[in-house]
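Chemist: Going line by line, the protein sequences match chains A and B. Counted the way our numbering counts, the first sequence spans residues 1 to 309. Counted the way our numbering counts, the second sequence spans residues 1 to 189.
Hints are not guaranteed to be accurate.
Residues on chain A that point at chain B, a partial pick, calculated with CB under 7 angstroms [stated by the list, open to error]:
(1) Leu39
(2) Leu42
(3) Ser46
Restraint-style ranges between C-beta atoms, simulated for each label pair [as the list claims (entries may be wrong)]:
(4) Ala100/A - Gln72/B: 20 to 26 angstroms
(5) Phe98/A - Leu165/B: 36 to 42 angstroms
(6) Gly55/A - Leu165/B: 37 to 43 angstroms
Here are some chain B residues pointing at chain A (derived, C-beta under 7 angstroms) [to be verified]:
(7) Ser27
(8) Leu74
(9) Pro100
(10) Thr102
(11) Val140
Hints listed in this document are in silico derivations from the structure and should not be mistaken for laboratory results. In this text the structure is predicted, and so the values were computed from the model without any measurement. Glycine is no exception: its CB is placed at the ideal position from the N, C-alpha and C atoms.
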Amino acid sequence: MARDGGAADARPQRTTRTLYSDQHLPVHDKTVRRRRAVLALLVVLSLILISASFGGSSSGGLHTMQAGFLDILSPIESGANKVLTPVHDLFNAVSDVFNAAGQRDKLRKEKGVLEQQLALAQAKARENADAAAILKLDSRDNLSADGPVTANVISGPPQIFINQLGIDAGSSAGIAVGDPAIGDGALVGTVTAVTADSAKVTLIDDASAPVAGMDGPSGETGLVKTDSGNASLLTFNFMRDATKVHVGDQIVTAGWQATAHASIFPPNIPIGTVTSVPSVVDPGAPITITPATDLGAIDSVQILTRLPH
Amino acid sequence: MGEQTHVGMRLGALGFIAVLVQVTVLSQLRILGGDADLSPLVVAAAGLLLGAVPGAVFGFCVGMFVDLAFAQTLGVSALIFCLVGYGAGRVRELRAPEAPVTPLALGAAATAIAAVGYVILEFLLGVEAPISMLLVRDIVVTVVLNSLIAVPVHSVVRRWLVPALPDDPRRRRRRRAYTTGGLSPLSRP
């Protein structure tokens with residue numbers, strides 16, 4: 001045992017050589033201890049401050065000190081703020097330039113979405129107005145007895161001289177050729193072709209569809225036809241006494257068949273307003289009528305299905 | 001006036017101006033949704049130039065000043081900046097602080113440690129702020145912005161502090177010239 005111990009003592013000890021392992025400098029140890037002690041002191045001080053500040057009441061000493069410090073700092077802060085305002089503004093201006101580009105792109109996208117929504121809302125409003133006009137016409141002229149069928153316009157005039165509209169209701173809804181069509185509170189035209197689920201309405205400004213009309217104030221009757229000189233106007237012809245018709249008079253349906261093939265429209269449906277009459281200067285001029293509804297902007301119509309043909 | 005007092009006064013002025021600029025200017029400049037934070041950069045630069053103990057003390061003082069100026073829980077920033085200053089000082093003592101990339105890397109690291117440490121401490125103190133991607137984005141933006149200004153800030157702090165340090169080469173040269181009566185004959189053309 002003693003021999004073993006002696007051999008162990010005789011063997012040279014193997015140590016790892018590091019910078020300080022073989023020479024312990026007391027100054028270095030002191031520096032390390034001091035450094036660690038300072039760090040520990042500061043950390044402990046911070047933790048004490050956190051505990052005191054976090055758990056303390058708002059009227060405590062630390063909060064009072066903080067408030068006092070802010071009172072002292074705020075004038076300095078205010079002064080520095082004023083002095084540094086140009087710098088602040090410069091940075092903000094640069095920042096605004098970058099932000100403005102991003103905002104512009106964002107607003108452009110929003111504008112596109114809003115435009116789509118506006119178009120949709122306008123279309124809905126137009127549909128509502130049409131429906132309201134049809135309802136008003138129904139109640140005014142008591143059209144409910146005539147079997148009105150409401151249909152949406154699905155196609156416009158295919159060519160410039162063919163004034164027809166396509167609608168999304170047909171014979172399955174009771175619509176037949178010759179049925180009158182009204183829309184937007186006024187006379188629109190006549191059904192001229194029918195399939196099971198669609199139909200064609202020839203408008204009143206088509207040359208092939210004269211309408212028996214009546215001057216509202218005087219009761220003079222005549223034929224309403226398209227104006228050969230202006231496709232957007234109608235003319236009022238074949239009256240007994242044309243002098244009774246005046247500018248501004250409302251022309252309505254007369255309620256009788258104009259030709260052998262024309263529809264029988266219910267009476268008193270507005271057709272249009274007289275805009276010109278023959279004068280002394282031009283006694284041969286026609287009586288022109290502006291249609292009561294814009295025939296190019298109709299979204300829905302009502303077909304009267306129970307009238308005798 | 002002793003050299004330590006001189007350094008202390010310069011450090012005090014540096015901390016005061018840095019926090020004042022932070023309060024009045026930088027905290028109001030939002031860039032890419034975040035803002036630059038001068039305090040960790042100044043503390044890291046001071047620690048890198050002065051060592052661990054002065055860095056820790058300076059960090060503690062700057063942190064206290066920040067807590068007071070922003071009316072925060074006292075001690076939170078002091079604790080974080082104290083550790084940042086100490087860490088920067090240890091980098092000076094253990095690594096090669098003269099490498100050109102050191103201020104940049106140290107500034108980014110100091111900012112990240114300060115920001116994350118602040119979030120963790122506030123979270124531990126029970127501040128009910130949601131940990132969201134917005135917070136992560138703010139931290140990343142602040143680290144990036146601070147990285148961009150880390151080198152100029154370090155340069156300014158160095159210019160401000162080095163003349164007061166005892167091992168300033170310029171001062172050493174001045175002293176030698178004063179004691180020897182002029183420059184070394186070897187340096188003459």
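Chemist: Hint by hint, note whether the structure agrees.
Modeler: These are the hints, each one checked on the structure:
1. Leu39: This interface hint holds because 5 angstroms falls under the 7 angstroms limit.
2. Leu42: holds, 5 angstroms
3. Ser46: holds, 4 angstroms
4. Ala100/A - Gln72/B: 20 to 26 angstroms: violated, 33 angstroms
5. Phe98/A - Leu165/B: 36 to 42 angstroms: holds, 41 angstroms
6. Gly55/A - Leu165/B: 37 to 43 angstroms: holds, 41 angstroms
7. Ser27: Since chain A brings no Cβ nearer than about 11 angstroms to Ser27/B, farther than 7 angstroms, the hint is violated.
8. Leu74: At 4 angstroms from the nearest chain A Cβ, Leu74/B passes the 7 angstroms test, so the hint holds.
9. Pro100: Where the cut-off is 7 angstroms and the nearest Cβ of chain A is about 27 angstroms from Pro100/B, the hint is violated.
10. Thr102: With a closest approach of 20 angstroms, the Thr102/B hint is violated.
11. Val140: This hint is violated: Val140/B lies away from chain A, its Cβ roughly 17 angstroms from the closest one there, beyond 7 angstroms.
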